[in-house]
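Asks: Given next are the chains, with one letter for each unit.
Number of protein chains: 2
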Amino acid sequence: MTAQVQALYDFTGEPGTTEMSITTGEILTLLNTEIGEGWWEGRNSKGETGLFPAAYVRKISPEDAVHGKAAPAAPRYDQAADDWGDQQYSAGDNNYQRAASHEDGWDDDWDDDTYSEIGPAQQKSHQAQQAPLAPLPGMPISDYNHQISDDTTSNFGSTVGTVRKNKFAPSSKVSGESYLLGTLNVEVPDSEKVYIIQDEDGYIWSPIPQPYCVTVASPKKESKFKGIKSFIAYQLTPSFNNIQVSRRYKHFDWLHERLQEKFTLIPIPPLPDKTISGRYDEQLIERRRVQLQEFVDWMCRHPVLSKSEVWQHFLTCTDEKRWKAGKRQAERDALLGLNYCISLVVPEKALLQSQVDHITEQCHTFINSMDTSVKSVSNMCLAQTKRFQGPYKTDCQKVGEAFYNLGNALSLDEGTIVSTSKLTSAIKLTGGAYIEIGRMYDEQPKYDWEPLGDKFHLYKGIVGSFPDVLGNHKGAVQKKRECERLTAEHKMEVAQLNEVLRRTDVISYALLAEINHFKAERTTDIKATMQKFLRQQITFYKKIVDKLETTLQQYDE
Amino acid sequence: MTAQVQALYDFTGEPGTTEMSITTGEILTLLNTEIGEGWWEGRNSKGETGLFPAAYVRKISPEDAVHGKAAPAAPRYDQAADDWGDQQYSAGDNNYQRAASHEDGWDDDWDDDTYSEIGPAQQKSHQAQQAPLAPLPGMPISDYNHQISDDTTSNFGSTVGTVRKNKFAPSSKVSGESYLLGTLNVEVPDSEKVYIIQDEDGYIWSPIPQPYCVTVASPKKESKFKGIKSFIAYQLTPSFNNIQVSRRYKHFDWLHERLQEKFTLIPIPPLPDKTISGRYDEQLIERRRVQLQEFVDWMCRHPVLSKSEVWQHFLTCTDEKRWKAGKRQAERDALLGLNYCISLVVPEKALLQSQVDHITEQCHTFINSMDTSVKSVSNMCLAQTKRFQGPYKTDCQKVGEAFYNLGNALSLDEGTIVSTSKLTSAIKLTGGAYIEIGRMYDEQPKYDWEPLGDKFHLYKGIVGSFPDVLGNHKGAVQKKRECERLTAEHKMEVAQLNEVLRRTDVISYALLAEINHFKAERTTDIKATMQKFLRQQITFYKKIVDKLETTLQQYDE
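Protein sequences appear in the order of chains Y and D.
Okay, so the first sequence: first residue is 48 according to the working numbering, each after it adds one.
Okay, so the second sequence: first residue is 48 according to the working numbering, each after it adds one.
Excised from the complex, chain Y in its bound form (with noise of 0.2 Å):
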């Protein structure tokens, strides 16, 4: 069968190269998906072939390509806010998209290894045995399905099928109705309940009590199958028990799908770009590096996320049958989506929902505009570093070579005056240090655009993750509006109604307190990193003024 794919993004094809320009919603056919370094290759309709980022589309059947259905677009904010519905998927249709995945080698571009520890059969039938969820003692899923899957006709998750309905995720669910709704019946351990406090910057997340920072170091090439198979280890070290783990790309990436389908109102720091530049097979994993440290600082610094026991066991196991027990839990968590509200703990204090509106209104402006200028530094950081390592540096290297030449013309004719020697050799060091300024600029890049970029990299993934959170509460509210109206026309108690009140207010207070981490985070850490990058550029601009007034003196007497 000839497997089709269709694009989620943009992605414009390097002119000259072999990359293809796709468009947001086009069908492809697939051609070849063993180029690595995550490139696929395919087929327009056309006829016209080339590669483009494996992360750029998604598989379709080819049920979806006939009846034309399949054309969900990148979520982005405009249509959030009217498609505002539930969009992440559950643990188990994550389960199946990641059977599906593995067979089609979709993590396979991070190293070769596109084996699971066990081996790819016992893999497949281990997924597959773990796709229908088992519900937790306690926990009423079944019901909860049941709920949801009655519901399908109301508003509240209505178009959710436009976004997932596809061969991965056959069932539209909202995670979390069952809270808001006061079906979720699950006692939350006060060790895990989560509280948010107000001080004079308005709703926060109760700060984090013994902060811990984790170093990701060193990226290892570790191979298995005697050899056949390598991959690129990571190695991080959180600050509180010092015991060094190992953790390949894989690892990370079933982390995040986790973080994503639990924290729903909590934007969850993206994963290196699969697509990330770089000549050499170690800068790039030294820039996935550097990536993934991002990720890792802003999970250390989220009082939510830090705490969150899938992280810890994450940062924490070194145990492979404790890793595997601790995988399934986290697979089985229960409290995804709104429902982790039952977790946490706010004031008491009624929300206006006009003052909610207010807010996030204004955050809904200030995402659209962070947006764009967010990827717009982060263009421009890609652009100064190719422009450094290209004609900035070949520009130098010319001037260096005209001087280098002169100084050589000008030997030829030595002999008799002897202050020409001096001259010439001096012409030729002016000549060498344009050379060298050249190699400055194409090492630069590395110290000051690619951070920046690696920075901005981050606030992309979070701001580009904002117009899902701000959905999913505007998903509540409407939903509270709806049992507002069922309360006036008497289809619903008061009393009901004012519990459907109170958790409403409670994913307000973790939006608005998420909100205000959010400012006070980026607050801190922009002005760092942009302090960083200032001093990078100085000291670039010094070095050059350095290596000058060095040649210059050649021409003192």
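None of these hints come from the bench; they were simulated from the model.
None of the values given here were measured: they were computed from a predicted structure.
Be aware that a few hints might be false.
No copy is singled out in the list; a pair is fine if it fits within one copy or between any two copies.
[Stated by the list, open to error] Cut-off 30 Å, straight-line C-alpha distance, at most; resulting in silico cross-link-like pairs (DSSO-like, lysine-lysine): (1) Lys579 x Lys469; (2) Lys493 x Lys433; (3) Lys475 x Lys589; (4) Lys493 x Lys475; (5) Lys594 x Lys469; (6) Lys396 x Lys268; (7) Lys579 x Lys240; (8) Lys422 x Lys594; (9) Lys433 x Lys475; (10) Lys445 x Lys590; (11) Lys594 x Lys493.
Knowing the structure of chain Y, use the given hints to seat chain D on it.
Replies: Leaving out everything else, chain D in the frame of chain Y:
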């Protein structure tokens, strides 16, 4: 009649503009000479039309084109080595060419005034009147002309025709053969004698007893004919009298031609490039001023040129009547080309031909190599200027805009956290700083790349003239050998040969002195140039550092 021109040099048109590439030797049909700024419009044999620099072509007569003999390529050293015959033209030819070029606006590209002080009609008749050279008292110019025309079948000067045989130079001539053969009977007054002496570095021109300098200042737009015609006048002030004279480009051009026909063993510094680049009239005019200053400086520092009568007249004459008288006198100068050597007083010692050959060969090699590297530095300066004012500026501005927009986006969400305001303002200022650095890149070439380019424009001209200088010397040496053969065949008296040998030595002394002068000049001059250039570069990068440091301080609390 359709005028035709032939390309003297290769010119590569800027792609995407109205410019057209032309190849040396190519014949083009002239369509329009009224384009201005030194450009003409033409059509090539493929039927393509476009603009090219007027200075890169010469007009040809229809016969030339038909017989295909009008292919005088730009003189290069290799060719000059073979066709070493005297390539300058006499004053008579020159006036003829000047008159013709006045008609077609040859020097029209420098100012709007194609007319002389008197007006077009008088100018033409005035110059036509001068075309037949009036012999000076005591100068047997008719004998000289007769001698030369009798000699056209000899080796000496036989290749001249391929270089200058066009309607502007109907008869071939070798300036100065009469000197070599002892038929020039001129008494040079002691005050006009030029001495060559021996110092530790070899034979040199006797140094200038009272060095002076001349400033070329503040070009002014002047006009005549009640403002219909306007032109640029440069103000020259010699240090020896402090009396300012006003000179237009056509005066410089006239001076340059006089110098070139008189001093065939001394490279004459070039006038400003006609195809100088610049976006505004003011910039163009200023670049020309700087290049004129380079010309003037070189003249002042040259022991022979600085004291020449025509130059002194150019520098000091303030009276229109005296100006015309001096002009006529210069145009009637008998001591042109090798004949000028009758003014020289050289050491008694006879020169070893093998030593002279060694030095000229070394000079030949050196000049060949210098020609390439001087052109390459010159092109590099032009390229760097374009890079600084184009992509470097634009890149900085893009960086600036990305930061500025980021600051703007962040400021949308201000109000509750006080420190944000300080941060967004700092980020906006960072954006502003990079936009300002972009402007600095735009401004910078006038402090480093353009002056460096102007200096190397001078060297390009000097180095480019050296092949002719060497060729002129070589011609004299060959003539000497011819005389030696004639003597061996008893067709020439030994006493007459000894006179020829002595005079050939005078010519060789002049060449050696000039080679040494150029060496000494460039050693000092290139050193100062490089130092000045590097200081400007250092200042520039220091300014960037300063700008960034000030910006960094904005982030402090």
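Asks: For every hint, state whether the structure bears it out.
Replies: Here's how the hints hold up against the structure:
1. In this assembly of identical chains, Lys579 and Lys469 lie within 30 Å of each other by CA distance solely across copies; the values are 17 Å between and 41 Å within a copy.
2. With identical chains, the CA atoms of Lys493 and Lys433 are at most 30 Å apart both within one copy (11 Å) and between copies (27 Å).
3. In this assembly of identical chains, Lys475 and Lys589 lie within 30 Å of each other by CA distance both inside one copy and across copies; the values are 22 Å within and 23 Å between.
4. Taking the closest pair of Cα atoms, Lys493 and Lys475 come within 30 Å of each other both inside a single copy (29 Å) and across two copies (24 Å).
5. In this assembly of identical chains, the alpha carbons of Lys594 and Lys469 lie at most 30 Å apart only when taken from the same copy (19 Å versus 35 Å across copies).
6. Proximity of Lys396 to Lys268 under the C-alpha cut-off of 30 Å is found in neither arrangement, the shortest distances being 54 Å within a copy and 80 Å between copies.
7. Proximity of Lys579 and Lys240 under a CA criterion of 30 Å is satisfied in neither setting, with 37 Å inside one chain copy and 70 Å between copies.
8. Taking CA atoms no more than 30 Å apart as the test, Lys422 paired with Lys594 passes between copies only; the shortest distance there is 26 Å, against 35 Å inside one copy.
9. Proximity of Lys433 and Lys475 under a CA criterion of 30 Å is satisfied in both settings, with 28 Å inside one chain copy and 24 Å between copies.
10. Proximity of Lys445 and Lys590 under a CA criterion of 30 Å is satisfied in both settings, with 19 Å inside one chain copy and 24 Å between copies.
11. In this assembly of identical chains, Lys594 and Lys493 lie within 30 Å of each other by CA distance both inside one copy and across copies; the values are 20 Å within and 22 Å between.
Violated hints, listed in ascending order, are 6 and 7; each of the other numbered hints is respected by the structure.
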